[in-house]
Amino acid sequence: MEIVREVARKNAAVIFTKSWCCMCHSMKALLYELGASPAVYELDQHVNGTQMEWGLRALGCCPVVPVVFIGGTLVGSAEDIISLHVDGSLKHMLINAKAIWL
Amino acid sequence: MEDTSPRTDSSTDADTEDKMSNQLQGIGASDGSDKSRDQKTLRRLAQNREAARKSRLRKKAYVQQLESSRMKLTQLEQELQRARQQGIFISSSGDQSQSIGGNGALAFDVEYARWLEEHNKRINELRGAVNSHAGDGELRIIVDGVVSQHDDIFRIKGDAAKADVFHILSGMWKTPAERCFLWLGGFRSSELLKLLINQLEPLTEQQLLAINNLQQSSQQAEDALSQGMEALQQSLAETLAGSLGPTGSSGNVANYMGQMAMAMGKLGTLEGFIRQADNLRQQTLQQMHRILTTRQSARALLAISDYFSRLRALSSLWLARPRE
Chain A
5 MEIVREVARK NAAVIFTKSW CCMCHSMKAL LYELGASPAV YELDQHVNGT QMEWGLRALG
65 CCPVVPVVFI GGTLVGSAED IISLHVDGSL KHMLINAKAI WL
Chain B
29 MEDTSPRTDS STDADTEDKM SNQLQGIGAS DGSDKSRDQK TLRRLAQNRE AARKSRLRKK
89 AYVQQLESSR MKLTQLEQEL QRARQQGIFI SSSGDQSQSI GGNGALAFDV EYARWLEEHN
149 KRINELRGAV NSHAGDGELR IIVDGVVSQH DDIFRIKGDA AKADVFHILS GMWKTPAERC
209 FLWLGGFRSS ELLKLLINQL EPLTEQQLLA INNLQQSSQQ AEDALSQGME ALQQSLAETL
269 AGSLGPTGSS GNVANYMGQM AMAMGKLGTL EGFIRQADNL RQQTLQQMHR ILTTRQSARA
329 LLAISDYFSR LRALSSLWLA RPRE
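For the protein sequence lines, the chains are A and B, in the order given. Note that the first sequence covers residues 5 to 106 in the working numbering. Note that the second sequence covers residues 29 to 352 in the working numbering.
Check before you lean on any hint, since a few could be wrong.
To give an idea of the chain B side of the interface with chain A (calculated C-beta under 10 Å), a few residues [said to hold, decoys possible]:
#1 Ser245
#2 Ala249
#3 Gly256
#4 Gln304
#5 Gln311
#6 Ser337
#7 Ala341
Hints are computed from structural coordinates only; laboratory data are not their basis. Where a beta carbon is used, it is the ideal one built from N, C-alpha and C, also for glycine.
So that you can see chain A by itself, here it is in the shape it has in the complex:
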């Protein structure tokens, strides 16, 4: 869990993915579209991937990918990202975390 928090703290926006996960592809595309450049951690490719996966599961992330952190805070899965995007909150969170600038 610590490694996950560490990663989240160091980056304005983080997305945890797996290389073959197409929903992860969608969420990355959405964040890029908003002008963000999230740090991408591919759990199946990264040297600490297994640890990070345990950490995410311990935080209650299910499915374990894709998972997004903004400004060190857990935002959630694809479902959460879409909901927050539709009501305008996602953009504000990204701006506040300085992940994007207007």
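On the provided structure of chain A, position chain B as indicated by the hints.
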């Protein structure tokens, strides 16, 4: 010589008979016993010809009956198809080829037809309330009822997608014209909002801005999900193509099985895409209701319902169109 068989209609038979009797008259006319044998022969031949003719007529009648039955069957099948597409439940007990998935599909089609009927009732109630200038309180109650009914169908769709994702993706539970606009098993919220913007005037500056932002947001989310689906298609194609090549060696069989397992895993993620597409639709509608006043929400719901009704009416016209 007398011809004891009944006069036939066919002129060729009579001609043949005449010819034959002439020939036979020429051969054995003088011998008495030969004459009676010839008579019997002639009679037998004539009777045979008659029997053959009758048999041909019966066969013709039978074939004609088969042809008209076949046409009737085709017509009935078309009517059945039309009725199914309009959401009328028809038992298909003779259709044993339906798989387990097929049964789930049929069950969903039935539920959807039922939901649509209920939905139309509520919409009519709403229309009545709007036209009779009902108060905001009353309108709110009816609008909330319609919205929660929308939530019902999304839940039902979600369960159906778990059972048979390809049925939902196919859009076969919708009418043909609706299927024109199919995106990930349903409608595009962004397109719906584009249609509504004109219907919803007068909107305040704030509302107009919010609706435009909402339209843009839903479009962005749609594009993101579409990109994920394309990646899935690409990935699936690569997985399956990877197992192509000379078969036979045991190594290749293991390879094939492994790649099939991978492909199966990928197909499994389709349900997630449908779920997020429906999530997007639900969230967009909810946000729309937050932006609009009660009266505007009522008009929006009526406009949406009317639009889909027209699409369904178009489908009926299309299916009933005269063909060559």
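Could you check if serine 245 of chain B really has its C-beta closer than 10 Å to a C-beta on chain A? Cβ of serine 245 of chain B sits 5 Å from chain A, so the hint holds.
Given glutamine 311 of chain B was flagged as interface, is its beta-carbon under 10 Å from a beta-carbon of chain A? holds, 4 Å
Should the interface hint for alanine 341 of chain B be scored as holding, given a Cβ-Cβ cut-off of 10 Å against chain A? violated, 31 Å
Given glutamine 304 of chain B was flagged as interface, is its beta-carbon under 10 Å from a beta-carbon of chain A? holds, 5 Å
Tell me if the interface restraint on glycine 256 of chain B is satisfied: Cβ within less than 10 Å of some Cβ in chain A. Where the cut-off is 10 Å and the nearest Cβ of chain A is about 3 Å from glycine 256 of chain B, the hint holds.
For the restraint on alanine 249 of chain B, tell me whether the closest CB of chain A is nearer than 10 Å. With Cβ-Cβ at 5 Å, under 10 Å, it holds.
For the hint on serine 337 of chain B, just tell me whether its beta-carbon gets within less than 10 Å of chain A. For serine 337 of chain B, the interface hint is violated, since the closest Cβ of chain A sits about 26 Å away, which is over 10 Å.
Against the hints set out earlier in the document, violations occur for numbers 6 and 7.
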